[in-house]
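J.: Keeping the supplied structure of chain X fixed, place chain B upon it in accordance with the hints.
Each chain, written out:
Number of protein chains: 2
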Amino acid sequence: MATHTITFQPSNRAVTAPTGSLVVEALREAGLDIAQPCGGQGRCGRCAVIVGSGNIRRRSTIRLSSADVAAGYALACQAVVEGDAAILVPEQEKIERRLITDKTARKVAPPFGYDPARDQTVRAWPLSLDPPTLADAVDDYSRLERALARHGLRDLDVPLPLIRELGARLREADWQVTAIVETDDWSQPNGPPRLIDLVKPSPHPSPPGRGGGGEGLYGVAIDIGTTTVSVHLVNLVTGEALDSAAEYNGQIARGEDVISRIIYAGKNSGLGELGTLVRGTINEVVGRLAQRNHVERDQIYKATVAGNTTMIHLFLNLPPASIRLTPYIPTVTHPRPVLASEVGLEIHPLAGVDCLPGVASYVGADITAGVLASGLAEAEGLTLFIDVGTNGEMVLGTKDWLVTCACSAGPAFEGAGVVCGMRATRGAIEEVWINGKTFEPTYRVIGETRPRGICGSGLISLVAELFITGVADKGGKFKMDLDTPRLREGDHGPEYVVAWAGGTDIGRDIVLTKVDVDNLMRAKAAIYAGFSVLAQSVGVELKEVERLLIGGAFGKYINVEKAVQIGLLPDMPWDKFHFLGNTAVMGAYMALLSRDARAQIKAIAEKMTYIELSADNTFYDAFTSALFLPHTDMSKFPTVVALGKNGRA
Amino acid sequence: MATHTITFQPSNRAVTAPTGSLVVEALREAGLDIAQPCGGQGRCGRCAVIVGSGNIRRRSTIRLSSADVAAGYALACQAVVEGDAAILVPEQEKIERRLITDKTARKVAPPFGYDPARDQTVRAWPLSLDPPTLADAVDDYSRLERALARHGLRDLDVPLPLIRELGARLREADWQVTAIVETDDWSQPNGPPRLIDLVKPSPHPSPPGRGGGGEGLYGVAIDIGTTTVSVHLVNLVTGEALDSAAEYNGQIARGEDVISRIIYAGKNSGLGELGTLVRGTINEVVGRLAQRNHVERDQIYKATVAGNTTMIHLFLNLPPASIRLTPYIPTVTHPRPVLASEVGLEIHPLAGVDCLPGVASYVGADITAGVLASGLAEAEGLTLFIDVGTNGEMVLGTKDWLVTCACSAGPAFEGAGVVCGMRATRGAIEEVWINGKTFEPTYRVIGETRPRGICGSGLISLVAELFITGVADKGGKFKMDLDTPRLREGDHGPEYVVAWAGGTDIGRDIVLTKVDVDNLMRAKAAIYAGFSVLAQSVGVELKEVERLLIGGAFGKYINVEKAVQIGLLPDMPWDKFHFLGNTAVMGAYMALLSRDARAQIKAIAEKMTYIELSADNTFYDAFTSALFLPHTDMSKFPTVVALGKNGRA
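Heads up: the protein sequence lines correspond to chains X and B, in order. For the first sequence, this note's numbering assigns the number 1 to the initial residue and increments by one for each residue that follows. For the second sequence, this note's numbering assigns the number 1001 to the initial residue and increments by one for each residue that follows.
Chain X extracted, bound-state conformation (with noise of 0.2 angstroms):
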């Protein structure tokens, strides 16, 4: 096959391609790292690079003007290599980190009556071997087995790289050993204890079976976000959560939202390298968290893991493809445990990782762990739990049942798909008032600066206030005859200028289209109408619901009287709405301390009912009631109709 030679600019690097590959090919072989937030699908624009020269094809130009096509401007993911070409890479939007704040040294104690005594599964034995001798010459793997017998554990499942290093500590250890134990369902229920490790015996040690004294053993729980990864650090024996952090999921790169990322990784190496962006972004937490907490990465014996089905299956590098096609089939809902190693989670190599079990391909173990730690699995009344992330899942249900579906919002409210969209970090407009005289915005910028873009909350926020206000009406069409400079024909249409270009810190105006009021109608649309159709669906109404329990890191900022007025969560006292924050490394916290925990997880994702929406035909009428703002149906919500026609008008 010919190749030819690819030189990016203003790094001057240059690459050897072959006639067909993509850009983006050329581009990571070159070591240059460019955001593909749509996944590689050239849906997205953001992957723009510009052709100095050289010979190559566009297979499509969608988000790229014809000015922009005549300036040189191609997709990196949609440009064919087809000759020789010089190739200008515009400096990328970099992806602000560290405006998650981590909670240092915020100690959680345990969230149950947690009971070591009972609940510890890792456990440190001191042992003391008998030397051998000629007249008592066994291997030492028996006479291990001899000393942990006199503890009661029998029959250890010894991996072979331990067995490896058997003879040698024993020998340095001079037959004073403490042994790692791991009890209870490791790879299948009630099976053999596992020997995790012999370490040095501790000069401060606990007493037999226990291990919180000079060993330390420690536990992660972690939740993989679409956006955000969370890590609780555990000590084992009391239980307790000692410190927790956070990071934007390194696949954000490479997709916004699961959808992206299943597209990116049915690409070349996608898959290989989306597992490691993801490993990559928790080795690099767990390893914060271990020091400044002063732990050592191999004093963690344990881990378990939430997240949706799509994520869960990156972190272990299964092809998620099929998640994605009707009917929508993921490879494993519920994977048995795997080893640190084999997953190449940088705890020790030998402790088990449990990834939590899920119910469906858009229903994950995030929602399951989290309806075990918001106790809707133990409530008397009708409750309805939501967790709207980069993608909204909702239960509705009792201790009695539970039914469950999923709703493709989108990531609108994450920022993305709206034109001057953002995510919630330095410099994101999270809340706009409008003067229902003037029409004139004030706004809260995120960091206190300048604005450079409007996250989910503000977006909210401004759709409710153009509503209330009525700059825009129950469709979402603005009212253009209204005499303000804020209301204008932009190159996408009508739009709202929320910040002009001067009073910004990008230098254009940040403005909201109609297009973009479309998508997030869209996205609240797709999550009430949900709502609606997990009521139908077992003969219940919506107001029946006696609390509404909302988990994930939107519900933490969420103006719950703007996002009711919008339509976007169900019209009720304010009394009712409870907010969770994670609760799917709250639930991974659980099930890292507790068997019983872990059991009714799995009790869970067997209980819940899920209806898969797009095979569902009250949806599609749900949806589009659900196509105004807040609804065609006013008498859902009184408290928008007690504001007045289109509120403060």
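By construction, these hints were calculated from the structure, which means they are not laboratory data. Yeah, the Cβ is synthetic: ideal placement off N, Cα and C, and Gly gets one too. Be careful, since some hints might not be right.
Claimed, not checked - Some, not all, of what chain B presents toward chain X, calculated at C-beta under 10 angstroms:
1. Phe1112
2. Pro1116
3. Leu1166
4. Thr1309
5. Pro1327
6. Tyr1610
7. Asn1617
8. Thr1618
9. Asp1621
Said to hold, decoys possible - Pulled from the structure, derived: some chain B residues nowhere near chain X, Cβ distances all over 12 angstroms:
10. Glu1025
11. Ala1030
12. Val1051
13. Arg1058
14. Val1108
15. Ala1253
16. Ala1360
17. Ser1361
18. Thr1425
19. Gly1475
20. Phe1579
21. Lys1607
T.: Only chain B this time, still in chain X's reference frame:
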């Protein structure tokens, strides 16, 4: 650290080596292979090189004469780099290969009443999965479980690498796949069945749960000998051994006997190197068998491995150091099954590899497998089983009891430690007759060429003839006053010339020295003393033995009459001797086919009482008494006595 340039001739390769490193390390760095039969102890002298110029310190010069040292010779394993140097590497003695003849296509029927319906542990199950629909959208894994459950297969253990391919395999096969499943004691007795693979359905399928048609289910039974690796390729459905092959263990160049190997394994990268070498040999033999029988390596789903304890350690990369040091403790005598991919065995990567149980450091799985194959464990009458290879192990017993010991006979009977000794390959004198009047020898040479040395059977035959014809006395001392040019004073003292230089293929006289005779007498005395100690330990006489079973390659070529004449084997009627060939590989073959056989080997290993000769007071006396031709107590050797004083005088 200072580094120096070492240039090797005639290859003209140069490498840099730090001060204090060994010349063998520089040789390895240069990619030059040099034999170290003693494992780098400086004892054998085979790694001698010539220091042309430069700064090399000789740490030990055992095996080098002062003339050698003056001529520039140094032992590469004992020569320390202290500056730049130029070194000439003499042409190495090649390890002769391939005189081990494979019994091409000689099929062997299963050695017991093999009944696939009862015994077959790896089976093929053609499955027809329900294609997923929106109404039946369970994950691939659960769908597979459902299909397997219809055949009564539940709670399968499915390794992560297979889960990673599950989605693609099922879809490519359009939901019609054949599952390869192993049942029975994988990783734990009565554990769950294990999925090894999902393959395309055969166009010629077998009935469910069999798999002898197009699927092809094969296994390999492996015996790792210190000198020779032997493999049977077995059809797991019919139980037939389709073919077998053998090859010299690639570790030979790093030590001729287990002690040398253990020492070598203790050097820097020695352990990994020895593991790589033996796996290389096994993989080569398995590949040869697969190719000539039109079997894919991936169709080999199971392996059993016999071998002495050191060989099993090196195969599994377990450090063997403590095997050599009192009180002689191995890491493990009965390793759990591992996966082929864990140990680099190139069969199906998820095939189970079951190393059979041994008894102690010097009575390994080759002996327990041999006891099984020999039938000793079911013998009604007193039976003695011996396996003389590089080591000499023996077992005395009946179906009710077994005692065992190992003699460090050394590799004399494999031709090592004897000036003109060599392995039983082309050019080796394998049998000698001496004229009782002229003391002139005649001999037979393997391959019918001119001789190059003397192999084990040749040495036994030669020593017996020297004794019977009166050339040597009871003490092994040459009668130098006999009128023959064959007896003379050589460089190493008195010697007998077997072949004059002109008649050889090496241009030197082939001789047997007094020192050689002493070595051979010590080796045979150790073995005979072993018999004595075993008998004494249970209070019986050797003459009560009803059957003497001889396993191992050595037994195949030995001349019993001669072996009795030198006192290596006890003097008993010939019809009590039974030569069984390689009983270790035969036992591995039985264990491969049958769970009963595996349970029996385990029971044998547990039942055997091991006597450590170095800790046994009676051994030294028995050894000293046996340090004569044939023995101090001639009454134990009536047929030798019947030959007349010194036999043919």
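J.: Indicate, hint by hint, whether the structure satisfies it.
T.: Hints, verified against the model:
1. Phe1112: Not OK, violated: phenylalanine 1112 of chain B not within 10 angstroms of chain X, min 29 angstroms.
2. Pro1116: Not OK, violated: proline 1116 of chain B not within 10 angstroms of chain X, min 28 angstroms.
3. Leu1166: 5 angstroms, holds
4. Thr1309: 9 angstroms, holds
5. Pro1327: 4 angstroms, holds
6. Tyr1610: 8 angstroms, holds
7. Asn1617: At 12 angstroms from the nearest chain X Cβ, asparagine 1617 of chain B fails the 10 angstroms test, so the hint is violated.
8. Thr1618: 15 angstroms, violated
9. Asp1621: Hint violated; aspartate 1621 of chain B Cβ to chain X Cβ min 18 angstroms, cut 10 angstroms.
10. Glu1025: The assertion about glutamate 1025 of chain B holds, with a minimum of 22 angstroms to chain X.
11. Ala1030: Holds: least Cβ distance 30 angstroms, greater than 12 angstroms.
12. Val1051: It holds; valine 1051 of chain B is separated from chain X by about 36 angstroms at its closest Cβ, greater than 12 angstroms.
13. Arg1058: Since the minimum Cβ distance to chain X is about 32 angstroms, arginine 1058 of chain B lies beyond 12 angstroms and the statement holds.
14. Val1108: Answer for valine 1108 of chain B: holds, closest chain X Cβ roughly 32 angstroms.
15. Ala1253: 24 angstroms, holds
16. Ala1360: 6 angstroms, violated
17. Ser1361: Contrary to the label, serine 1361 of chain B does not stay out of reach of chain X, its closest Cβ about 8 angstroms off (not over 12 angstroms).
18. Thr1425: 35 angstroms, holds
19. Gly1475: Non-interface label on glycine 1475 of chain B holds, nearest chain X Cβ at 32 angstroms vs cutoff 12 angstroms.
20. Phe1579: 32 angstroms, holds
21. Lys1607: Nearest chain X Cβ is 15 angstroms from lysine 1607 of chain B, so the label holds.
Checked against the numbered hints given earlier, this structure breaks hints 1, 2, 7, 8, 9, 16 and 17; the rest are met.
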